[in-house]
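Participant: Construct all of the structure, not just a fragment, from the sequences and the given hints.
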Amino acid sequence: MTTVERRITRLRSDFDRSFAQPLGSHDSGHVELLAIKAGGRPYALRLAQTAGLHPDRPVTPLPGPLPALLGLAGFAGTVIPVYDLAALLGHPVTDRPRWLVLATGTPPLGFAFHEVDGHVRVAAEAIIGEAGGAGRRGVLRGMATLDGAARPIIDVPSARAAVHTLAGHAPGTEEATG
Amino acid sequence: MAEARDPLRYFRIEARELVDQISAAVLDLDQEPAPDLVARLLRYAHTLKGAARVVKQSEIADRAHEFEDVLVPHRGETPVLVPAEEMRELLRLNDEIARFVGELEKPAAPPPENKPVEMAEDDEPAPRAATADLDELLDAIGEASARIAPLRDGSRTLSRLHRGVEALGDRLRVGRAAGDAGARSAVQRLAGEIGVLGRRLTDAVDQVERELDEVRGRAEGLRLVAAGTIFTALHRAVHDAAEAEGKRVRFAAHGAETRMGPNVLNQINGAFLHVVRNAVVHGIESAATRKAAGKPDEGSISVDVERRGRWVYFRCTDDGRGFDLTALRRVAHARGLLPEGREPGQQELIDLVLHGGISTSGAVTEVAGRGIGMDVARDVALQLGGAVNIDNRPGQGATVEISVPLTLLSMNGLIVEAGGMVATMPLDAVRQCVRLPAGDAVTAAATGRFAHEGQVVPFLPLARTMSLSAPDTTGAGVAVVLVADDDTVAVGVDRLAGTSTLVARPLPDLAPATPVIGGVAIDSDGNPRLVLDAHGLVAEAHRDVMVAGAPPDPGKPRMPILVVDDSLTTRMLERSILESAGYEVDLAASAEEGLDRAHRRDYGLFLTDIDMPGMDGFGFVATTRADPTLGHIPAILVSSRASAEDRRRGEEVGASAYVIKGEFNQEELLAHIRRLIL
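Quick note, the sequences are listed as chains P and C, same order.
The opening position of the first sequence corresponds to residue 1 in full-length UniProt numbering, with each subsequent residue numbered one higher.
The opening position of the second sequence corresponds to residue 1 in full-length UniProt numbering, with each subsequent residue numbered one higher.
FYI, nobody ran anything at the bench for these hints, they're computed from the structure.
You may find that some hints are simply not true.
Claimed, not checked - Here's a subset of chain C near chain P, in silico, CB distances under 7 Å, partners left out:
1. Met-466
2. Val-483
3. Pro-506
4. Ile-522
5. Asn-527
Unchecked claim - From chain P, some residues computed to sit far from chain C (all C-beta separations above 12 Å):
6. Lys-37
7. Pro-92
8. His-114
As the list claims (entries may be wrong) - Quick list of the computed label-pair ranges, beta carbon to beta carbon:
9. P:Pro-92 x C:Arg-160: 39 to 49 Å
10. C:Ala-149 x P:Pro-157: 34 to 44 Å
11. C:Pro-262 x P:Gly-105: 25 to 35 Å
12. P:Gly-138 x C:Asn-263: 34 to 44 Å
13. C:Glu-211 x P:Gly-148: 25 to 35 Å
14. C:Glu-668 x P:Gly-105: 50 to 60 Å
15. C:Glu-668 x P:Pro-42: 55 to 65 Å
16. P:Thr-9 x C:Ala-149: 36 to 46 Å
17. C:Ala-233 x P:Gly-105: 42 to 52 Å
18. C:Arg-199 x P:Thr-9: 51 to 61 Å
For each residue, glycine too, the CB sits at the ideal point set by N, CA and C.
Facilitator: Written out as structure tokens, the structure is:
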């Protein structure tokens, strides 16, 4: 097999494999992370806790009591509130974030942040676990070391819980009212 | 052809419409016999008979014929006197016709012979499928909107090319090197043609986008049903209960045009049937008792439907004896629902009824006790997230009110821009839009007051409410005068950006907002657009400044104006402008309808669109000019056509003024009208 053929074979199999592997990998030894920046600081998100990443999504500002609530975005006929991760984490709100990630769970909820540094797959042991929540509003849980730098991991369910508290939304309301 | 395979396809639709009209008119006739009702009923029955004969539905045709036979002797009779037994016969025939028509509407039984299978698929869809059809329609509209984006890009590319070619032309003209006169003029021509093409394309794309937006809004509105559709059933329930009880009861209903989701309306209808029946049976007294109490013999029950913001209120008011507090007290005591040793207050007893504690009827007979109806009303209200209230006026009557929040709300919106944000105001609350020169805008924003038609109203700069960081209005703007809760306020915006039909939904969970935001709609690009709440705006304006606002003086009576336009939005917008200026306005949706109306009433002015299906606005103006009875009434053409040719044609046919919709300036319009109307 020539070098070129080997290379083509490898590229082809990589390409095919990229489809075969689902987003939240079944491989328990590894964790899919999204390396991001919010308010100028590096963080990481667990991909399995998200339901989609969107750049430059128009967000209609919604005047109201919560500065962290950036506004509303439309997704296939559904209107979704979008919160600024930087504001939730207590960073001064600077410019409008460009990226938007949808949180898993109900009711629908989106988080916005400024930059995507990359999508990485790290060995589970590279993540330093933390039992309780840390940081402002307890939304940080654990750290991941990427490229020699440590990134706090934003726990999406905790961030959702923080939003529920801010918005005065009782957990489980949607089940109660059916 | 579908008609060939299903000859009843169109008959079902027509028959349903006629049956509904007959059902409503029979009840009206019973209540208030009038010659025109007899004529109308005869017309309906005759049309139905004819149509039924054509499609060989002899049961329906025969009954329609009998119906006519009963009424014919009363044609032209003044006053109309239909004896009670004839009235009963009409109602019986009405019911039978309704039953036959209802059977036709049921899904067809399996065909007796071996018919091709595809026949079944072509059957009239069941009403339920309409929602699915609408969803598909909305998807298709969304798709069409998405397809316009490349066209919009194309027109931008074209205008870039146009600039390029013009630059090239300039270079050829100035530069000595390429001094070929032929090439120069060719380039100039090319630039001209590209320019024209670009403008046409932009205009066409703009227009298509606007129309699509309108279509989308209306299609979404189709999901909603007018409250009036349940009035006939309620009227009939009142009539039947009154007849069973040997009472005379007059029924009235208001708010037929309020629209809501069919699910909400169905449930309310179920509950309100109990409520109105209760009102007849338990509320309205016998004629003798009424007479003794100094009331008219005939009892009265009215159903009112009203929308306020996101809430809809269904009210049933009777002028009977009110709730039987003694009976309530007795039952409550017997069941041990009341604390010992204390006399419960009136409201406490009523609350017991509402909260499912008691019913005053021991045995549930054909005529159920008030408690049963209240249970149903309460359940329905709870299910829909609303509430029931009772206003009891012992001896005078009672009002039962069910209020429920609407999830989807079809409305006409006025699109406004303020502080860089776009929002929609409910058009039905808007009374007037007044242009504000920069100086006036600053004064109004600084003082929070605005002079409007001889009174001072609170002024709320929208930008300040919508965003804390937005600077106060410094430039010129528009003051939108709106009325809610019988209160007038002015809201300052930077610009008006047109009107649209839209469906507003509530804000999603986890999105708390200021009370001026009533909900959210989705625009044709799929992005949320905020919908302002008129009540919230009024409250917010008052929070800033406390100015007592008296209702505006009704203007002196003037001749009414007839607005002819096939666009609902334009009709409503023009009506709101004209009514706020104190004119009485009638509407017609086509030139033909306009002509018909023009002959039936004396108007001071016609205001007509040009582009309409059927006869156009030029035709309308020309026809009225040629008519000796209408020729003296001035006519104004209002159109989006801006060409000199159209203006000239307008003059030729005899229009008194020509107003361009794109530059729609209500002051200009009102100035024309003041000049023309006495």
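Participant: Indicate, hint by hint, whether the structure satisfies it.
Facilitator: Quick rundown of the hints versus the structure:
Because the beta carbon of Met-466 (chain C) sits about 5 Å from the nearest beta carbon in chain P, less than 7 Å, this interface hint is met. Hint status for Val-483 (chain C): violated, given a least beta-carbon distance of 23 Å to chain P, over 7 Å. Interface restraint check for Pro-506 (chain C): the shortest CB-CB distance to chain P comes to about 9 Å, outside 7 Å, so the restraint is violated. For Ile-522 (chain C), the interface hint holds, the least distance from its beta-carbon to any beta-carbon of chain P being 6 Å, beneath 7 Å.
Evaluation of the Asn-527 (chain C) hint against chain P yields a held restraint, the C-beta minimum of about 5 Å falling below 7 Å. The Cβ of Lys-37 (chain P) sits about 24 Å from the closest Cβ of chain C, beyond the 12 Å cut-off, so the non-interface label holds. Here Pro-92 (chain P) stays apart from chain C, with its beta-carbon at least about 14 Å from theirs, past the 12 Å limit. Every CB of chain C is more than 12 Å from the CB of His-114 (chain P) (nearest about 19 Å), matching its label as outside the interface.
Pro-92 (chain P) and Arg-160 (chain C) have their C-beta atoms about 40 Å apart, which keeps the hinted 39 to 49 Å range intact. For Ala-149 (chain C) and Pro-157 (chain P), the hinted distance range of 34 to 44 Å is satisfied, since their beta carbons lie about 37 Å from each other. Remark: the range hint 25 to 35 Å for Pro-262 (chain C) to Gly-105 (chain P) is upheld by a beta-carbon distance near 31 Å. Judged by the Cβ atoms, the range 34 to 44 Å given for Gly-138 (chain P) and Asn-263 (chain C) holds: they are separated by roughly 41 Å.
Here the CB-CB span from Glu-211 (chain C) to Gly-148 (chain P) is close to 58 Å, at odds with the stated 25 to 35 Å. Distance hint check: the CB atoms of Glu-668 (chain C) and Gly-105 (chain P) are about 55 Å apart, consistent with the given range 50 to 60 Å. Separated by about 59 Å at the C-beta atoms, Glu-668 (chain C) and Pro-42 (chain P) satisfy the suggested range of 55 to 65 Å. In this structure the supplied range 36 to 46 Å holds for Thr-9 (chain P) paired with Ala-149 (chain C), their Cβ-Cβ distance being about 40 Å.
Checked against the hint of 42 to 52 Å, the C-beta distance between Ala-233 (chain C) and Gly-105 (chain P) comes to roughly 43 Å, which is consistent with it. A C-beta distance of roughly 56 Å is found between Arg-199 (chain C) and Thr-9 (chain P), which places it inside the suggested range of 51 to 61 Å.
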